[in-house]
Each structure stands twice: as structure tokens, then as C-alpha cells.
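Undergrad: These protein sequence lines are chains A and B, in that order.
Heads up: take any position in the first sequence, counting from 1, add 3, and you land on the numbering used here.
Heads up: take any position in the second sequence, counting from 1, add 312, and you land on the numbering used here.
Be a bit skeptical, because a hint or two may be false.
What the hints assert, rightly or not - Stretch-level coverage of chain B by chain A, calculated; a stretch enters the list once three of its residues show a Cβ under 8 Å from a Cβ in chain A:
no. : region
1   : 454-467
2   : 498-504
3   : 552-558
What the hints assert, rightly or not - Only some residues are given here: those of chain B computed to face chain A with a beta carbon under 7 Å:
no. : residue
4   : Ala367
5   : Asn369
6   : Pro426
7   : Gly525
8   : Gln526
9   : Gln563
10  : Gln784
Just so you know, the hints here were simulated from the structure itself, not pulled from any lab data.
Since the model is a prediction, treat every value here as computed from it, not as a measurement.
Here a beta-carbon is modelled for each residue, glycine too, at the ideal position from N, C-alpha and C.
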Amino acid sequence: MRVRYLLRKVAWAFVTLFFVLAVNFFLFRVMPGDPVALLARSQRLSPDAIEQQRALFGLDQPLIQQFGTYVQQTMSFRFGSSLLSARPVTEIIGSRVWPTVLLVGVGTTLAVVLGLLAGVKGGWARDSKFDRGSLYGSLLLYATPEGWLGMLLLIVFAGTLGWFPSGGYSSGTGTGIEHVTDVLNHLVLPALTLTLGYIGQYMIVMRSSLLDVKDEEYVATARAKGLTDPMVRRRHAVPNAFLPSFTLIVLSFGFVLGGAIVVETVFSWPGLGQLTYQAIESQDFPVLQAVFLLTSFAVIIANLVADVAYTFLDPRIEEA
Amino acid sequence: MGRLLKGAVTTAALALVVLAGSTGVGAAEDTASPAPTTTLRVGVMSEINNPNLWAVNTVAEWEAVTLQYDMMRKFSEEDLTAAPSLAESCEPSEGSRVWTCTIRSGVKWSDGEPFTARDIAFTYEFVMEKRFPYFRSYIPEGTTFETPDDQTLIWRSPEPTFAPDIPPWIYIVPEHVWGKYADPSIDVKEIKAADVLPVVSTGPYVMTQATAGQNWTFTKNPYFWGDEPAYDSIQYRLFTTPEAMVQALRQGEIDIADELTSDLLPALEKESNITVQKVTPDCWVNLAFNFGGQAPESDPLPALQDLTVRKAIAMAIDKQSIVDKVYPDAAAPGETIVRPLSSYWHLDIPDDQVIPFDPDAANQMLDDAGYTMGSDGVRVDPSTGEPLTMRLPVSGDTVGSEGAGKLIAGYLGKIGIDVTVQPVTGGKMYDIQQTGDFDGYIWYWCGDPDPDYQLSVFTSDQCGDLSDGCWQDASYDALYRKQRSTFDQAKRQQIVFEMQQYVYDQIPAIPLVYPNSIEAYRNDQVTDLTPAPGADGYLVPNYVYTSYVTAQPASATAASNPSNGLPPWIWALVVVAVAVGGFAIYKRSGRQSDEEG
Chain A
4 MRVRYLLRKV AWAFVTLFFV LAVNFFLFRV MPGDPVALLA RSQRLSPDAI EQQRALFGLD
64 QPLIQQFGTY VQQTMSFRFG SSLLSARPVT EIIGSRVWPT VLLVGVGTTL AVVLGLLAGV
124 KGGWARDSKF DRGSLYGSLL LYATPEGWLG MLLLIVFAGT LGWFPSGGYS SGTGTGIEHV
184 TDVLNHLVLP ALTLTLGYIG QYMIVMRSSL LDVKDEEYVA TARAKGLTDP MVRRRHAVPN
244 AFLPSFTLIV LSFGFVLGGA IVVETVFSWP GLGQLTYQAI ESQDFPVLQA VFLLTSFAVI
304 IANLVADVAY TFLDPRIEEA
Chain B
313 MGRLLKGAVT TAALALVVLA GSTGVGAAED TASPAPTTTL RVGVMSEINN PNLWAVNTVA
373 EWEAVTLQYD MMRKFSEEDL TAAPSLAESC EPSEGSRVWT CTIRSGVKWS DGEPFTARDI
433 AFTYEFVMEK RFPYFRSYIP EGTTFETPDD QTLIWRSPEP TFAPDIPPWI YIVPEHVWGK
493 YADPSIDVKE IKAADVLPVV STGPYVMTQA TAGQNWTFTK NPYFWGDEPA YDSIQYRLFT
553 TPEAMVQALR QGEIDIADEL TSDLLPALEK ESNITVQKVT PDCWVNLAFN FGGQAPESDP
613 LPALQDLTVR KAIAMAIDKQ SIVDKVYPDA AAPGETIVRP LSSYWHLDIP DDQVIPFDPD
673 AANQMLDDAG YTMGSDGVRV DPSTGEPLTM RLPVSGDTVG SEGAGKLIAG YLGKIGIDVT
733 VQPVTGGKMY DIQQTGDFDG YIWYWCGDPD PDYQLSVFTS DQCGDLSDGC WQDASYDALY
793 RKQRSTFDQA KRQQIVFEMQ QYVYDQIPAI PLVYPNSIEA YRNDQVTDLT PAPGADGYLV
853 PNYVYTSYVT AQPASATAAS NPSNGLPPWI WALVVVAVAV GGFAIYKRSG RQSDEEG
């Protein structure tokens, strides 16, 4: 029973992936304009030169032929060359993965930990000062645009106080521990922005779930057994209230590879989000296709992981 | 309990020692270095996606290649006309079909190999063979090159040409590096993807390190043939928002900020240690009219064929107001189709020839020409009976185009012309231009230092290609051919002036605005930056690298790179972590003791 359920989920993941593969190709080609023509005026290109550039990247071929080449290349893990730089797309993306994993990974992890802790503490002591403060704070942060928040932190802590660098991944100097601290120094503000931006959703979901289970009979039973309040919370309430948060967390980590376009742009962080922004501006189809495919793949895998994990965490799922 | 607390404190202390030690090691290394290195740090807004010269695209990439490579003849620091570089001189003969260039002796490539005339011949032949789009147009078809000795290059073109005297904007590359790519079987894509680091060139700096999306380092070329630069290296740092770059400049993280926007001027100009450079306009914002003929679907407003209507439009537009409202303190009203940066070729329209801003006179002209005002406030074309309504696409890749378009819609509304502003992307604008699906549009032009390319855009031959609106005028075409066949520079200058005046009077397009490029630098960190061309030219190398060769660190402090060390917040974090950890352990131990008790 469980094996059949898992196989069905894996099969759907593959179907979704192929659907994304196809949509990925046509999505960017319905955008108005022409990536090569974008260069024409600033680079003084003649129409002949524009046609030459098109031919170089196969953009002069019929769309269906381009699609065939794209599918064939993607199936063999080749993503072609960037229209802008002519460099292999795999090389371009490879250099951006780690900064994104570091930034979004740290931001998400901190948001998850702090958000869950605040949600548990607030939910367990409903209407306490902490609960009200953390709830309103979370709602405020959740509603705040990340770009605005990032710019605010940048102006205050980098521009005015000078405590942190104004952007980038590192100063490009130093090695060893000096480089590590340099990167950490550059990481603080963008990671803080992401943490503050994400924390609200985890806090609110966890608090809400905990409120739901708080009055369940098994919780009352646990109390009746004479367990202390922290033990009831830790052993009986939180594990059962954690399931919705678990889904949210796994999906969030699925989005890690998608980068954080706004925050990476505000802080000049050289990740996949920034790359996506630049590729959209220049209509660099091969880069866009590869980034979107990678992001979709990560999300699909995260979904699959969540589905599979659920069968262990909550056996009722399998029976449904 | 005591043991636990003691353990925690010991661990924290060890962590502090390790972290402190790491700082100490760094400091010791700095002290042990023979001399501090000096780095000029430049913030840029566009990325160097590929250090390969043949893949150049973005602003920062053009600056990077200009910093590293020499041309056979360079753009002069004064007015961008041809000046000695790798070639000390080029003399024409046989009616300017043959040019004999004397090549500088004693020049070496950055890898120590000797540079000869053969490298120039190879570069030009390579460009012609591979048809690199940005460079190919500078050499006439059928041109051949001979190198009778290492210091002589003979350029032979089938037709008379001033090409070597433009000069050709082609950077000279070493044959011993690029020769292996000359084989006809190797395509341009493979050449563009070639790994080029460390770069081999003859310029003052060569790129030695590139970190995608972050920074790029150029190290001093030990064999540079010119004056030795003061800085050991130059580092370009990428910023993706101009606001962040301005903060970095204020904090001294960078010495120069490039590609700034005019809305940041107020913040920059109040800082005494920041000097702002408003560069003489290099581009111009263009209101082009459509005359039709690009494609069958092209259907422009017929009244635009009438010079009276075009002149009335020109008189109704308040260019100064557009500058003040859309480009405050960072532009000048446009005049001619040759941008002011090419100062030798740019014509300042004489005061008595200037088309004035005079909407009343514009209305009177249209009344006199029979364009009667309709009850809805829109004039009617007497020959077609159709209202004067204009579609005005404005390109998203042209700064301020939408704001200017809205103002123009207001101005033209006052003379009875109804304008619909249509914001589009740069890519879409190309489609619009090719199909002629517009009445007027706002886009931009950035020309070469030599005006030939910009002037060619307005010739009849370019209809359906580069021409904005397919304006076709035999008198202008004749003037264009005349300037191309005039090899005396002073005489050619007069023809180029005449062409600008002609376009100004015939109004196939209205140069609306000359926007300044904006750069800024920390005057307490770097001095002696030599702008080019002229005192209001670029500080970063857009045409010549002189600025970075003359640049000097302002002080000993600014000269040496600040050590990254451990930032204060890490120390604060460690102290807080130790305090919180210690307290938590203390509490936990206390609770355990109570339970045990």
C-alpha cells in the first residue's frame, strides 16, 4: 500500500517536471521583444549583424525546431550558452548556487527556528504580552515588502552607522578565516532581511496549530497524568501541532534554490535570484530556462519529500 | 553544576582565543608583507559576464576592455579624434586607398612577448574573417594588410577611406594567443567561450581574477609601454542598486562609483568628500517621426510629412522644462543629431537659427496651414479630413522616456495634436521600429566618436534598417556621400556641421535631451583622475584609460587595503553567546541540582 502510494507520487513528480520543461520554453518566448535586438542600439549593430547573432544562437530556426533542440539538450543535462555572455549556462549557474544556498538557507533556517519558538511560546500562553507582541510583530513583518525592509536596513546599518558592508558577497580580498568572516560580515544584512521577512509565516502557522491542539483531550489527559506544563507542551502538544509547519518548512527549503530575487538585488548578492533578474532584463532565454527548471525541480523534490515524510509522520495519509 | 559551568566558560574562552588568534594571524601577515598593495576600487552597475574581449556587451565590459587593450590609433583625450597609440602615425597615399602606419617600437605584451605590426594585421584579419559584429564595420570590405617589417603596417582598401583615421574601434590582440582560433572551422561562439584569464594585452592593467556576479581584479601590466600607474591593481565591484553603491561610496568601501542615476545627485552633492562628475552627454534622447515605408503595415499619420506640422511640434515642446522636470541637474536640452561628447564634430546651433519654444506661434502656423481646430480640441488635417492623433511609443530602455512622453503629450495637446503615450520595452521598440507601427517614438542614440555612423542612420538607404522613421531626403544623402569622400578633416567637419543644421531644419526627428552620465569619487581617497575627453569627460575608461594611469591614492591610509579582520559585530556576538550560553547552563545545572536534591 505504502509502496504504491510512493510510486504514484514519484510518477506525478516526473509528469510535473516534464510539464514545467515545456512551459519553461514557451513562457519566455511569448515575452515581447527580441533578446538580440536589445543589443542593437546600444552596440551600434546593423541588421546584418543582428541576423548573424540570431543565427549564432539558433534563434533564426523555427520555434518547434528550437524546442526540439532544447528538450534534447536538457535531457542530456546541457543547457546551452548564455545569449549575453556566450558562456555555458551550467558554468554560470554553478557559480551562483552556493551564495544563494548560503543566504536563503541561513535566512530560512533562522526564520524557521525563531518563528517556531515564538509560535510555540505565544500559542501556549495565548493573549499574554509576548503573544500579542509577537503576533502583531509577525503580522507587521509578514506584510512588509522585503525590498523596502532591506533598503531600510542597508541605509541605517551600512550607510549611516557603517557597521556592515553595503552589498556584495565579499570584499574580494583575504583568504582563510579572514575570507570567512568577510563573507559573514556581508551576509548579516541580507540574511537578517530574509529572516525578518519569513519569520511571520512560521510564527503564525505554529501558533495557530498549537491553539488547535491545546484543548484536545489527549492534552488534558497528559495534564491529568501529572506532567508539568512544559512537558505537556513539549511531548504532547507541539509534536501534533507541528505537522502543518513541517509542510511549510519543507516547501520553503524547496524554494531555497529559487533565490530571493528582491533581497539579492538590493544587497548585490551574487546568487540565483540576482542572476534571474539580470537574465529577465536581457531576455537571456537559456539562463532563464535553466534557472526556472532548477527551481521547479527543487520544489517538486521538496513536495515529494514532504509527501513521503508525511506517510511516516502521519500514517492516516496513506489510508486516505 | 560547577563542572558544567566551568566547561562552558572554558569552551567559550577557547573560542575567543581561536577567533582572536585568527585576527592576529591576519595582522601578522599584513605586517610581514614587504609593501602594502594599493587597489583602486570601482563600483559598477553592470556585470562583466565574460572577460573575453570578443564577447563584450555591457558598459562594464567595454570599460574593462578599454582599460586592458590598446587600439592601433586611440581616441584623443581632448576631443576623441584619432591620436597616436600603438601606431605613432598613419599617412595616406594613392588617394587615401593606402595608409602606411608606423608602429611603436619596444612594446611588449603583458606576458613579455614582443608586440609587432603583425599583431595588428592579425587582429584586423581575424575581425574580418570572423565578422565580429561590433568591430567588423570599421574595416571596409576587401581591405588587405601587409607588414614589410615589425614597425610598418600597410593598409590597402579598394576604395578611398578615412577608416584608419576614424580611428577603427578595434582592440589589438596578440597573434600568439588568438592565432589558434583563426582556423575557419572555429566559429564565433567557440571563440567567445574561450577562457582568457589572465588576459594578455598591451594596456596598463590586465584582468587576472574574475568572480561572477561579484568582483573583477585587474593587475598592473609589468610591460606597459606608457607611464607607470600608481595603483597596483584595480578592482571592479558589482552593485545591483545605485542606492547601495552610493552607501558604499559614502562609507569608503569603494573609491569611484560608475553608472549613477540623477535622482541620487542631491545625496551625493552634499558630501564634501565626494566629487560628482557629470559627463558631457554621450547619448541623446530622440523624438523620431515616422514617414512610412518600413513594412506594408506601416501606417503613420500623413500630416507628419508636412514640415509645417513638424516645425509646429518642435516649437510646442519645451525642452528646458523636460530637462528640469525629468532630468533635473543631469541633462541639457538636445539640439543636433551628433552628441556633444564628440566635440570636434558637434554643432552648436547658432542662436538666430534656434527653433524657439513658442506654442502660440505654433498654433498660428497650423491655423495658417489650414489645420482647423475641431470641437474636441483636436485639429483636422485639411487634405485627409482626419484628426491629428499620434501614437507615441516610449522605450523602457531610455531613461526618462515615459516622463518626457507625458510632458510632450501635454504640450502637443495645447496645439491640437492628440498624443497617446505607449510605454514599451526596448526589445518591443525594436519590433515597432522595424514594422513602422508608430507615428512618433522616443528612443535613444549613442553614436561612435566619429559621426559617420550616426549620420548614416538618417540616409535613405537605411529605411527598414537603422533609420528611425524612414525619412528619405536626396539633399541629405548627397551631403552624406560628400562627407564620406572628403579626406581633409577640417573640410569634412564643415560638411558634418552642414548636415546637422539640415536635419535640425528639416526635423525628421527632434533631439529632445542630452542626458549626462554621472560618476562620483571619494576625493579624500583618490586624486589625479584625468577625465576624457576634456575636463567634463569620463573618469572611468570609456574611450581611453588615461584616468586610471594618472590616478593617485590620496593618502597613505587610503593607499593600503583595509584588513578585513574580525568585524566588531562578531566580537559582540561572541560575548552575547558566551553570556547567554553560560546563563542557560547555569540555570539548567541549578534545576538538575534541585531535582537531585
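Undergrad: So, for every hint listed, does it hold in this structure?
TA: Verification of the hints:
Remark: the region 454-467 of chain B is not confirmed as covered by chain A, as 0 of its residues place a Cβ nearer than 8 Å to a Cβ of that chain, below the required three. For a cut-off of 8 Å, the count of residues in the region 498-504 of chain B with a CB near a CB of chain A stands at 4, and the three-residue condition holds. Taking a C-beta to C-beta cut-off of 8 Å, the region 552-558 of chain B contributes 6 residues in contact with chain A, enough for the three needed, and the coverage statement holds. Interface hint at alanine 367 of chain B: satisfied, since its Cβ lies 5 Å from the closest Cβ of chain A, which is below the 7 Å cut-off.
This hint holds: asparagine 369 of chain B has a C-beta 6 Å from the nearest C-beta of chain A, less than the 7 Å allowed. A hinted interface residue such as proline 426 of chain B counts as satisfied when its beta carbon comes closer than 7 Å to some beta carbon of chain A; here the least separation is about 30 Å, so the hint is violated. A distance limit of 7 Å between C-beta atoms decides the matter here; for glycine 525 of chain B the minimum to chain A is near 3 Å, and the interface restraint holds. The criterion of a C-beta within 7 Å of any C-beta in chain A is met by glutamine 526 of chain B, whose closest approach is roughly 5 Å, and the hint holds.
Taking 7 Å as the C-beta contact cut-off toward chain A, the hint placing glutamine 563 of chain B at the interface holds, the least distance being around 5 Å. Proximity of glutamine 784 of chain B to chain A is violated relative to the hint, the smallest CB-CB distance being about 17 Å (cut-off 7 Å).
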